[in-house]
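From these two lone chains plus the hints, build me the complex, please.
Order-wise, the sequence lines are chains A and B.
Just so we're aligned: 647 in the working numbering is position 647 of the first sequence, and the numbers increase by one with no gaps anywhere.
Just so we're aligned: 1174 in the working numbering is position 174 of the second sequence, and the numbers increase by one with no gaps anywhere.
If you are wondering where the hints come from, they were derived from the structure by calculation, not from laboratory data.
Be aware that a few hints might be false.
If you anchor each label on the Cβ, the simulated ranges turn out as follows [said to hold, decoys possible]:
#1 A/E442 - B/G1318: 25 to 35 Å
#2 A/E637 - B/G1418: 38 to 48 Å
#3 A/R410 - B/K1278: 20 to 30 Å
#4 A/E649 - B/E1416: 18 to 28 Å
#5 A/K704 - B/G1318: 53 to 63 Å
Subject to a maximum C-alpha distance of 25 Å in a straight line, what follows is the list of computed SDA-like cross-link-like pairs (lysine to any residue) [said to hold, decoys possible]:
#6 A/K423 - B/G1168
#7 A/K565 - A/A578
#8 A/K491 - A/L539
#9 B/K1452 - A/Y437
#10 B/K1231 - A/V302
#11 B/K1452 - A/M84
#12 A/K74 - B/K1452
#13 A/K583 - A/R407
#14 A/K650 - A/E623
#15 B/K1164 - A/I190
#16 A/K689 - A/L539
Coverage of chain A stretches by chain B, computed from C-beta distances (three or more under 8 Å per stretch; other residues unrestricted) [what the hints assert, rightly or not]:
#17 118-127
#18 328-335
Ideal Cβ positions, reconstructed from N, Cα and C, are used throughout, including at glycine.
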Amino acid sequence: MFQFRFIFYIAILATTVSGLPLVAQSKSELQIVSRFMETYCVKCHRGKSAEGEVDLQLLVSKIRVEKNVETWQKILNELATGVMPPEDEKQPSRADRTKLVSWIKAELKKTGHGDSEFQRKLLYPEYGNLISHDLLFDGSINQPAWSPSRLWKRNPNQFNDLVRRGMGLGRGRHGRPHQRLAKIKQPFTIEETAGISDYAAIAIADSATLGTLMRNATTIVDQLLADAFQKQHEKIHGRIPDDQLPKDRRGRPIRKRYQKTPPAFAVIISQDKKPTDQQIDAATTHMFQTVIDDNPTAAETVKYRKLMRSLIAESDADEALRMTLIAIAISPRAIFRSEIGYGPADQHGRQILSPADLAFAISYALTDTKPDKQLLTAAREGRLKTREDVRREVARIWDDPAIDKPRILRFFHEFFGYTNAPKVFKDGARFGRGKDYRRVPEKLVTDADTLVNYIVKNDKQVFYELLTTEKYFVGHSGDNQREKQTNEHLKKFYQYFKDKPWKEFPYATPPEHAKYARSIAKMFSHPNGNVIKGWMRYLTMCDKNGITPMPTARQHDFLILYNLKRETFDFPLEQPFALAPGKRAGILMHPAWLLAHSVNLDNDPIRRGKWIRERLLADTVPELPITVDASIPEAPEQSLRERFAVTREKQCWRCHVKMNPLGMPFEAFDDFGRHRDRFEKLHAKGKTKPVDASGFLKGTGNQKLDGPAENPVEMIRRIAKSDRARQSFVRHAFRYWMGRNEMLFDSRTLRNADQAYTENNGSFRALVISLLTSDSFIYRKRIEK
Amino acid sequence: MSNSRRSFLKGISLSSGGVLLSPMLGRFAAHAAGVPMEKMPKRFVFIVKSSGIIPERLEPESLRKKLADKSVYVNEPLAKHKLPDSLSPLEPVKKYTSIIQGLSGKMCKGGHSSWFGALGVYKTGGEHNSGVILRATVDHELAKLNPAPFVHVGLALRGKVMGKETEGTLYPGITALGKGRELPFQASPDMAYEQLFGSAITNTDRAKMRNRLKGKLLDFMVDDIKTLQRKLPRFEREKMEHYLHAFEELQVRRQRLGKLSEQIKKHAPEFSDRFSAKNPTSRQSAHFDLIAAALISGITNVVTMRLDNISTNYGDLGLSDKNVHGIGHGEICNGKTPEQARDIIRKHHAKLIVDLAKKLQAMPEGSGNMLDNTMIVYMSDAANKHHADNHQWPFIVVGGCANKLNIAGRYIQFPEYGATNHHTIGNWYTTILNAFGNRIEHYGNLDLNLQKNGVKQTGAIGELLTG
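Chain B extracted, bound-state conformation (with noise of 0.2 Å):
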């Protein structure tokens, strides 16, 4: 561990400035106390589904003759158009909605899944292993920019992408924190809700007492590992690194946790058995009740949602028959082609998502409400297919994005792969990391074959930008 960043977090947690102030002063009074917008903190959901987006299903039925050149660049207003049936629950929020096709990513591994690639633009992982960890996924850079006691939520249906467990936490293989490191993920609804909202239920004088003594406990932890770290072997310090590390995280959230109290007893949901519920739809939709919940009271500003696996079956969406993976490999299930099951599946994700971005739009937030200031990403892991070849890499994205991307309600598709200013999605983070103020050059590694036929591929893409 590093000084640097022990200092980072300390100061963090010590600070009183706007970031972690202003969910505190409640955001109607945020924005007349004159805490700028500027100041509001940026919220991002990334909701990771499996088995890939078939670009072509997100294509609306009226713009399809002037995206039938996948050569050229579009940018059209969705406005004008009705959205496939698919994504027509997100028709009340159009406005915010934007579909980003055409970006390829081909310097990450294809197949079932890109694994931490998807997130962190690079090639890693095999069938089963979800590989290297070789820096903080895209995700979590964002969270580094918009701290909040949580600084980085993991929700998940099920794990790896092969994966059969639905329980307890999960280690997906998607996003990471930094090098080496990978975020947890939590699968029982149940065990999140008391983990997010737990600490913030009783107040009485032996809590309080309890909760100074924790304190003192964490530091005594803290000293502990580290005497008994400079006693082991190099790799294992390495291993013990991580325990301390997450002493540290505790500690730095319990002090703000405190701060944060009244803002979380208001908008924790109230715990009741749908958050033990077994089947995946209800479990996803308690996924989302917590995430939005989570955002609104300002204990996280950053939410990953491992949608579903590949072994995840949608029997509640009479897709009984076959689960994900069968779908993938199209199968025929339940009578439905897999086109037709693949958007029926699409369809009730976007109901998911369009239910938290009204939540979201429920609540005011500055001069605005708070899904102005929010960025809800839905992608795949498996880019553009079951066995995805990266060479699309389909995109939706819900929010006002803090007005800092030229996107919302828009339908943008970039040259295809090859062609003069095609991007990769390794342009598309860097362009979400400088619009929120990591002027990062460029994030992720290159395309060697782009790179080989003299194809720019580092920067952020400017049209997208504001200002």
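Bound-form chain A, shown alone (with noise of 0.2 Å):
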């Protein structure tokens, strides 16, 4: 069945594989309608028992598509998207399919109603997979691609980056915003979606951006005017005297002091005549490359002059400066990066981003700041104009590993969704006696970045690596040196203290220690007596029980979701290491993606087999229909398994066969993420059944790896084989990249990613230059309709 699916064509689309238009409503073409059907649907949607009680037989009986939009709008979304009919009754060719499809569209859009709804379902991250697979990859498509020409509200990250670097106010501490800038809230948010968030087309600003848009503006022209506005103040009536100031508690008067004003701004506010042209284009350039990282339009500097002097002539420079300033701030160039193509479009009608829009384009697809000086100039100088300039552009920013890319991680986080694994609560009480859950999530997240990261710069099979990997890290920095490092350091300070009387010491450790504890490694920096006493027992039971001590004293409760136990862990000093073999295997296997997919007291195999069936297998699944009253019975005596077994009714099945054979396997591990070979009934300690992980793979497009699977990590094994889990890899990347889903005009640059990872080795590197030197990214084109 899925070789029908999701053959439709969205305005946009423009592309055309039938050659029939069934525009005009003739009888005959009612007739083919009709007969559509009635072999195809009618048979069980009929009468009083029809299923899901949509009764078809009048509507085909006298076919009036404005009668009925609503209904034909249904009849539309199901066919289009393959879900009707089901897997199990007959199927109607492609083709057929495909001219029915354009028939109920044209005809839709006759009335007025149009399939304004499907269209929009297809700007969503989530019906990203309505997009036939095949065709996107059967080679069959060969249409130059491009992107819309678009604006892209800036994002969160981009935006937290600018706070970071100051907005004129200074950096902050430890990575942290500047404290003048506390009061500074994030304007941009993006829709909480499970999956690749960052949409060009669905990202809008509305009141509420505005609204804060509005506040920071205020509060950062405020800051940044304040020092020149005290002076001005000072000049005319004089330094407030001490006696007037607030005082600290010692009495001495508290005088507030301001970062200093930039002087582009301070000369107008200080001098008593009207601004200067040039002081005023003065001005509007260092706000621009203050709140936009860029510099003005010559239209944009004549622009903010006339409002300017507007301003002023409404009240005097001063306040006119700190309004326009605002302005500048609140800017549809502060909200948008704007993509919108220049110079003569080609015969495709497409226009290549403007050198300086590339800039951007580049900089902000793998880090979440502005372009580097190198970009820059290179778009200055005329040397960002072709695939190649973008290529080596790329390869650059790829390959330097002073320049911090964050972007590429994240697209990991969004791509699997570990991430959320301490968004799910968890009964502290079951994690175990004695045992704190608090911060056990956040560090298994931290772990499987560190297995990311080594997967993606190793750069070798990395998509086939991060499914199947045995090896991973625990507790580990992923830099092998540095545990070496820490590990000499543990020694040393354990064979000081370990003669010395450390559980006699107070809080204040003996200075004659404490000295020497610094002295060791910048770790020790605060040895007080707790700090000691808490490394020397942890030392102390390695010593006595032979392992290898971890690099952190405290916090090892993680280590149980691992199956493994504070007294018996020897921490491999280099890692990633062979954890438990034929059991445990790549991300999906990890904790914290088995957290992050699990529900308060259960497994979600549900959410699991949706996962791997839409991420991997490049697959839909219906929505949850309104009659499902979707609740699994509490039977302590049974296995979650056995408890689903109610989806096994027909009318639940025909979409549970999608996830729960794919999700099952999991059961090799209860809802924390450990691994069990039989489980623990409900509310009866103590008494176990085997666990059932087997589960049944269907849906790789290849029959040597469908079929039965004993266990999870055999499952994925066959899965991380499969062409088409690699291609719908590549799939997501791509609405990374580009920030929306692919069309089949994509077909191409898809094509091309995935040709480019499986050349050269798997290459994560490879693959994402190929996307970001693609036709799609390159070139724009703008859509009128």
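Below, the structure written as structure tokens:
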């Protein structure tokens, strides 16, 4: 059934595979439509006992789309997404299905309703898979690709980066924003959806965004101008005498000090005459650089000059400057990045991105920050005009370890979703007596990040490795050298203190011991009595048990979720290491992923199955029908799999067959992510039953891989070998880096990326560079329909 | 943006007619000054909880027998009956309280949330996606009839039905301002305070000048965006339209708030750290304080409150083991059955509502009090249960409804789904809109199944309308 799937065209697709538009409603067409419906739909949807209470018999006997718009919209939806007819029923040919879909769309359009809901769906990440996977990769579509000319709202990370860089008020400490910026709030939000989320088309700025921006702008501008205003005030009224100032607790006057106002602004405030055009332009340029990270265009310079002049006429230069700066901070440029395309259109109506827009596009593809000097210089000097130019710059940034590229890891966060582990509420008491669950999920996420970074850095068979590696990081920084060094420090520390009376140490460690501890390494820079006792208890235990200590003295409870024990875990200094071969493999069996895809008390085989179905098998799962009262019976004697037997009912199984067999193998783990061979019955401590972790794989597009699976490791290994899963991974990377769903005309971009990946021994770098040098990334086309 | 809407907005801002003038005159004076009750603003508070409201749990014990036959119409005064324990906090305002049962909403999506359908009467959305916005939801239709500086205030404890976010601006996907436009909800009470009451705090010469310049700035921005918009492809123009609208909204609001600053100063609650509290119940009560103050000061007439979502954990009510989702799925929570847990939560909600009602009741207005002109609607976006089938959609209403609806102090049960004289939420909302001045023939989409079976389902419910 999958081959018939998702063949439909939205306006912007402009792709015609079928050559048979049935627009005019002739009698013979109606007959074709009725025949189709009679053959494939009415058999089940008729009379009082119609499936889903949808009776199509009457509808078909006299077809009048304008009278039943809603029902026809529904039919369109079901047909185009391939949900209907159900898999076990007779299927229409791809061509027939396409014809009917086109006909319904044309008829709906005539009624003035159209298929807007349908088109709109395609803008959202969760409907990306509605586009036929087969058509995208079978090589039948060779149109030149492009992205629509668009505005893309800045995202929260870009804003955070701007704030971290200080907005003209200085950088904060420890990577945090400057305290002067404490009142700055995040104006940009991203819809919280499962998966890739920053899509250009759905990111709009409304009154709430504006409200926050407005408050931010006022705060920033007032902070920037405060010093100049104070100086001006002092010039006129003199310095405020000390005795009129508020006092601190020692009675000293508190004189507020502000960040020095940038000269471009200060000069306007300090002078008594009206500002010159040059002064206004300099202030405009400075503000643009501060809040927009770019220079104003000539037109913008003139525009703000005019605004400033008109405001001066209403008030004075100081207030006019203040308001003009606010205007810049809330201008469309501060909110949207433009990707419109420039220059003459090619024969396909496409324009290349301007060098300046390309510089931003490249920079924001890999980092959260503005383009670096080299990119800007390249753009300015005309060296950012071709695909090769883009390739050179992307490769340079990718390969430069000094450039922070958070966007790469974030892709894996959004693809795998393991970062949601801390959001799943778990009852601490079930975690274990005396154990502390509070920081556990975060620690697991850090471990998963380390693993992903390691595999991406190795850059060999990245996708396969991510799914199948049996080597994990546990409590390790990812830097073997650093861990060895830390271990040396710990040895030194232990050797020194083991003969000292550390158990008797008060909170203030005797100075000579404290001094020695500090001399070992920075990690002992606060060696109070509690710290020393904490370490020594742990190191003594390690020594006694003959194990290598971990690089932290406390918070080892997360080890439980790897089926490890603090008392026996011999910390491998060289990681990743084989954790539990045959039992655990890849990110999907990492406790962070398992936790993130569990519910409060139990595993969540449905969501896990859905995840695999959608993210790895490029398939869709219909939405929960309204008639479903989805509850699983409480049955302490039964395993979750047995309790889920209710989903075997015919009407449930149609959808659940797509999820349960893929999600159930993870029953090999409990809902905290611990591996188990037997499960404990609910409310019956000690009574256990063996776990059934079998599953059934279908939908890899490869009959050799499909079929029953004994356990999750076997199942995931087979999926990882499939072309379809790899291509699905490529599709998700496309979505992430293009900020939209792939369309059929992106076929070439996707195939090239897939090819670049496979030809380079599974290099993720090659995949991303291929995407970022694709037509879909570089070209824009104006969509007016 | 259509010209008509813009001129409509401007028209309102410039009008000095009864609706806008009355809060400035002061409520006592209003009546004396001859502003008829008819012209007094009508207020609406929609309180939308998650996870459904189980219809049976709203039935007074003494009415059980009479209500057993779901196929009949029942309209009983509540005065003769004791409210179920979970609604007992409403006893003091029982004469204002109505419980309305038997409505259906099968034209909406079921499951965890009907999204915009719950107040917009149509099917939309998925598991995580709030879906398409077809039209303004009924709460906003009422806001349009009763304009105020803040046309419609959205406050929320959390965002989407399963969302985990609790701060800043959120989009629960339940209220729409019009086709394709969602109402943003403020989840942080401190930020809501600043947004609602901040403008009235200072009033120096400099502040006045800045206010004037801000007006110029907004005009400039509107012109600037329009110029830019003309250069964009169509789809992006629409995106810019949202931004443009935001500026226009600010323009109008600025003018209106200017006229109300005295009122605001008088009624704004004193700012304190309770607006920064993190636990859900404290935040809920902070939001309710803001609702009361915003209504009393006249800066808004319509508030929609997203009271919780299924990720909410009511730990402070002794229900720490499970969040609303867990309880909804029938799990035992701190030794309580799901029904008991739901009752505890509902009782807490009822307390919040009664506090608000009492505050409004204490404010004289015309010949009565503000509660007389208010309609507080308590409902769920998941109709009748955690995974709603929308077979029934219970509503609790508190307030005099400006005497436009014949429901105060009554328990009303409509005949069940499919029976003669059965009504849908479409009828119910049509009734409300008709009562308050929007003579729409029918609000919302029709239930195709009822249509197929020939059940009449358009128009207002006559027996609920006064006069």
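Evaluated hints:
1. A/E442 - B/G1318: 25 to 35 Å: Given range 25 to 35 Å: holds, Cβ gap about 28 Å.
2. A/E637 - B/G1418: 38 to 48 Å: Cβ of A/E637 to Cβ of B/G1418: about 39 Å, so the range 38 to 48 Å holds.
3. A/R410 - B/K1278: 20 to 30 Å: Check passed, 27 Å falls within 20 to 30 Å.
4. A/E649 - B/E1416: 18 to 28 Å: holds (25 Å)
5. A/K704 - B/G1318: 53 to 63 Å: Given a distance of about 56 Å, which is inside 53 to 63 Å, the answer is holds.
6. A/K423 - B/G1168: The given pair, whose Cα atoms are some 18 Å apart, holds under the 25 Å limit.
7. A/K565 - A/A578: holds (16 Å)
8. A/K491 - A/L539: Holds, at roughly 9 Å.
9. B/K1452 - A/Y437: violated (55 Å)
10. B/K1231 - A/V302: Holds, at about 18 Å.
11. B/K1452 - A/M84: holds (22 Å)
12. A/K74 - B/K1452: holds (16 Å)
13. A/K583 - A/R407: violated (31 Å)
14. A/K650 - A/E623: Between A/K650 and A/E623 the Cα gap is close to 16 Å, so the pair holds against 25 Å.
15. B/K1164 - A/I190: holds (13 Å)
16. A/K689 - A/L539: violated (38 Å)
17. 118-127: holds (count 3)
18. 328-335: holds (count 4)
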